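Each protein sequence line maps, in turn, to chains X and R.
Numbering follows our numbering, with no gaps: position 61 of the first sequence is 61.
For any residue, its number in our numbering is found by taking its place in the second sequence, counting from 1, and adding 157.
Quick caveat, the hints were computed from the structure, so don't treat them as lab data.
In this text the structure is predicted, and so the values were computed from the model without any measurement.
Treat the hints loosely; a few may be bogus.
Examples of chain R residues toward chain X, derived with CB under 10 Å [unchecked claim]:
hint, residue
1, 222
2, 358
3, 416
4, 639
5, 765
6, 768
7, 796
8, 797
Just so it is clear, CB atoms sit at the ideal spot from N, CA and C, and this is done for glycine as well.
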Amino acid sequence: MAKTVSFTLNGNKVSVETDGTRMLAYVLRSDLGLTGTKIGCGEGLCGACTVLLDGEAVRSCSTPLESVAGRSVLTIEGLERNGALHPVQQAFLSHSAYQCGFCTPGMILGACALLKKTPHPDRRQVAEALEGNLCRCGTHVRILAAVQEAAGKGGAL
Amino acid sequence: MKRLDFLKATGSLGLFIVFPVFPAFQEPEKIPARLAGYPKDVNAYLKISPDGRVGCFVGKVEMGQGNMTALSMLAAEELDVPLERVDILMGDTDLCPWDGGTWGSLSVWQFGPVLRGAAAEARAILVQMAAERLGVVAARLQVKDGVVSVVGDASRHVSYGELVEGRRIERHLQDVKVKSVTQFTLVGKDAPRMDGRLKVTGAAKYSADIVPPGTLHACLLRPPAHGAMLLSVDVAEAEKVAGVKVIQNGDLTAVLHARPDVAREALSRVKAQYQPSPSTLDDRTIFEHLLKAAPPAKELVAKGSIPIGEARSEHSLEATYLNSYVAHAPLEPHTAVAEWEKGRLTVWASTQAPFPLRGQLAQALGLSPKEVRVITPFLGGGFGGKGIAPQALEAARLARLAGYPVQVAWSRKEEFFLDTFRPAALVKIRSGLDKGGRIAFWEHHVYCAGEAEAETVYDIPHQRILSSGGWMGGNPPGLHPFGIGPWRAPAANTNVYARESHMDALAAKAGMDPLAFRLKHLKNPRMIAVLHAVEKAFGWTPKPAPSGRGVGVACADHRDTLVAAMAEVAVDKKSGEVKVKRVVLAQDMGVVVNPDGARQQMEGCITMGLGYALSEEVRFKDGKVLDQNFDTYRIPRFSQVPEIQTIFIENPSLPAQGGGEPAIVVMGALIANAIHDALGVQMLQLPMTPERVRKALHP
Ligand code: FES
Ligand code: FES
């Protein structure tokens with residue numbers, strides 16, 4: 001059933017008129033044109049579609065649109081501030097913590113959620129937080145290093 | 158030319174430039190003969206715009222391996238322009254020169270010299286033009302940052318941009334030399350990747366992100382099993398979904414909608430009846446089947462005489478090594494978008510081979526190749542699996558029938574069903590040790606993997622190497638229950654796993670330390686140097702296996718890139734769980750174009766290799782692929798990632814080799830050997846799952 005769902009997306013109010021049971025990832029990508037959120041498995045098993053919902057990392061491919069009504073969604077497109085990269089993005093850049101880049105938006109947002117809760121995680125805590133984010137290219141060691149560096153540089157912002 | 162503008166956004170790149178200059182090797186290389194198929198005209202590769210930016214056009218694709226940056230560096234180096242002034246456009250069949258496909262770790266090794274040659278020729282022509290313009294002989298000119306000036310009178314200068322004024326370069330020079338290693342100012346130093354900013358901001362476009370106006374997303378009906386025949390189909394319920402269009406045409410049944418998830422949901426309403434697949438194979442019975450059904454053996458090496466070697470042997474050893482089907486599982490599934498305009502087809506596709514795909518599409522659709530344009534956005538991984546792109550033809554056919562642009566993005570389940578897996582394979586090795594603990598003979602017969610690295614790197618007097626069938630095809634029909642194909646370093650993973658495992662078994666038999674045993678059988682000084690480098694970095698203390706420590710070694714020669722690695726594992730004897738704690742890997746890959754990029758490939762190989770070593774195998778039964786997503790098909794995760802150290806052996810005497818594959822080939826044996834050292838059991842099948850480790854301990 002089509003209905004209007006309103007929420008905050010990257011700091012702006014948006015309303016979408018569609019079936020509220022559709023999953024957020026497809027609404028973001030297809031209805032709203034924000035393609036930075038990737039779909040790698042469609043079933044909550046890879047983390048490529050990770051976005052922040054009120055600051056928590058969620059799998060947008062398995063999050064019904066209606067469940068975000070009135071809440072705040074942050075996607076990779078909303079992470080830069082006035083053209084400046086977020087410290088986590090900056091750290092991924094300086095460590096070349098990506099290869100194909102398909103897992104990268106989800107990794108970065110997963111890391112942001114972690115740093116909010118645990119501003120100074122050790123390597124094991126980063127690994128645990130990102131365990132469900134898959135990277136087929138094997139960029140893990142660099143991602144671990146990048147997230148820890150970002151933690152030292154105000155990545156929790 | 159939107160994409161090129163887009164790429165300009167990557168402009169501001171800082172270089173950190175401290176790296177030892179390569180010694181010796183003073184002779185400038187001759188321009189390499191352009192490989193067959195690559196155009197000779199420099200304009201095919203390079204365009205210089207009035208503002209001095211260099212557009213670099215290559216038919217390769219960027220799928221994560223960093224060739225976008227490495228190739229740009231080669232062009233910038235030969236032209237003497239800063240890297241940040243190069244814009245590279247890749248994989249567009251209308252704009253880029255022909256290329257055979259991106260695989261086999263060939264971008265730098267095979268195509269690199271072609272691009273360097275073109276850039277060197279362009280530079281020489283530009284200097285010649287400057288000489289005419291400035292009225293001095295070319296020998297008195299120098300080039301810096303794209304500006305040609307008179308040596309000793311820098312006020313007399315002209316830039317590339319001013320010389321060319323955006324036109325084509327209408328000259329041709331022969332026998333231009335490319336730079337020698339000692340002349341490099343850019344190559345050999347760490348350079349940040351050019352795709353970085355796009356990828357950390359989510360701006361990088363992949364095929365699924367391309368949505369021309371009016372695009373419909375198509376989901377196709379697939380059989381439940383390979384070989385299952387469609388008996389009947391009922392699309393009535395799907396057609397009831399608002400906005401849905403159903404297309405049935407020949408072998409295609411597709412549900413289309415403007416929203417991909419709505420199309421997917423509507424497809425689930427299609428009812429179809431199938432005749433079951435005739436296949437009765439499963440992942441346990443497959444090996445016996447392969448052994449029986451494999452094509453006849455081809456003899457790759459026959460050296461000395463096996464009977465003589467046997468007669469000289471005190472001990473002999475025989476073992477069979479198995480490995481399962483493995484999926485490519487790139488994080489981005491196969492995707493394509495097709496748009497028809499006035500009879501001309503444009504396809505955006507996640508493909509490793511845009512030019513071959515153009516030909517295939519033209520042929521299948523009754524067009525001339527000129528009527529087809531393939532554009533390759535970024536790929537979310539390939540690993541050999543995107544060498545074929547059947548989704549592109551599906552999208553093209555559906556777009557023609559629908560009268561709208563059509564996107565086909567395979568679901569993860571389709572990806573696991575339609576992927577061309579790394580073939581399951583067997584390797585039988587027979588060998589013997591003489592009185593002095595030397596290998597007297599070696600017989601290696603590989604079934605169904607392929608030939609790469611079946612040959613041994615060791616000095617053995619009596620050898621026979623055989624290969625029956627492989628990933629390249631030519632197999633009897635029905636050999637495999639589904640499609641197979643090349644998987645990162647095809648065949649080599651299988652052969653090296655068997656060879657290097659067997660070397661450890663022999664070392665144990667000889668009562669020798671596995672490193673010392675290898676060195677005793679090696680003549681190649683490069684291989685010896687790589688092993689010593691890793692020995693030192695790892696802190697290897699010699700002891701025969703099993704020492705209980707859980708340390709292992711393996712080495713390989715992958716197309717002239719030499720690799721040696723050591724690892725330390727911890728094995729939980731009760732659960733059979735293997736934790737890889739540390740991997741040190743050394744590589745001699747000739748001249749290294751972008752060291753940081755090459756390191757990244759080595760780390761990627763090590764990490765990805767953990768998967769086929771420990772957890773990845775495709776389970777199947779009666780034509781059905783039982784693994785359909787990442788819950789049961791386990792690729793490496795953060796908790797499994799070891800401490801990794803990578804080492805380059807400086808080797809300026811060898812041109813740059815490929816770095817995307819070599820390091821992965823040692824991973825199976827490396828971990829098998831470390832487990833052997835820990836537990837004293839040989840692991841004869843990959844992946845070495847906890848269940849298989851328990852079984853090996855308590856047969
Ligand atoms: S696409 Fe959502 S978790 Fe994989
Ligand atoms: S960079 Fe390719 S999947 Fe992570």
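Identify whether the interface hint at residue 768 (chain R) stands, where standing means a beta carbon of chain X within less than 10 Å of its own. 9 Å, holds
Using Cβ atoms only, decide whether residue 797 (chain R) comes closer than 10 Å to chain X, and label the hint accordingly. 9 Å, holds
Should the hint that residue 416 (chain R) touches chain X count as held when the rule is a Cβ pair under 10 Å? Residue 416 (chain R) check passes; min Cβ-Cβ to chain X is 5 Å, inside 10 Å.
Closest C-beta approach of residue 639 (chain R) to chain X relative to 10 Å, hint status: 20 Å, violated
Evaluation of the interface hint that places residue 358 (chain R) against chain X, nearest CB under 10 Å: Constraint on residue 358 (chain R) satisfied, holds at 6 Å.
Does the nearest C-beta of chain X fall within a distance shorter than 10 Å of the C-beta of residue 222 (chain R)? Given a least distance of 7 Å, the restraint on residue 222 (chain R) holds.
Under 10 Å is the threshold here; is the Cβ of residue 796 (chain R) close enough to any Cβ of chain X for the hint to stand? 5 Å, holds
Mind checking the CB of residue 765 (chain R) against every CB in chain X and telling me if the closest is under 10 Å? At 4 Å from the nearest chain X Cβ, residue 765 (chain R) passes the 10 Å test, so the hint holds.
Hint compliance for this structure: hint 4 is the single one not met.
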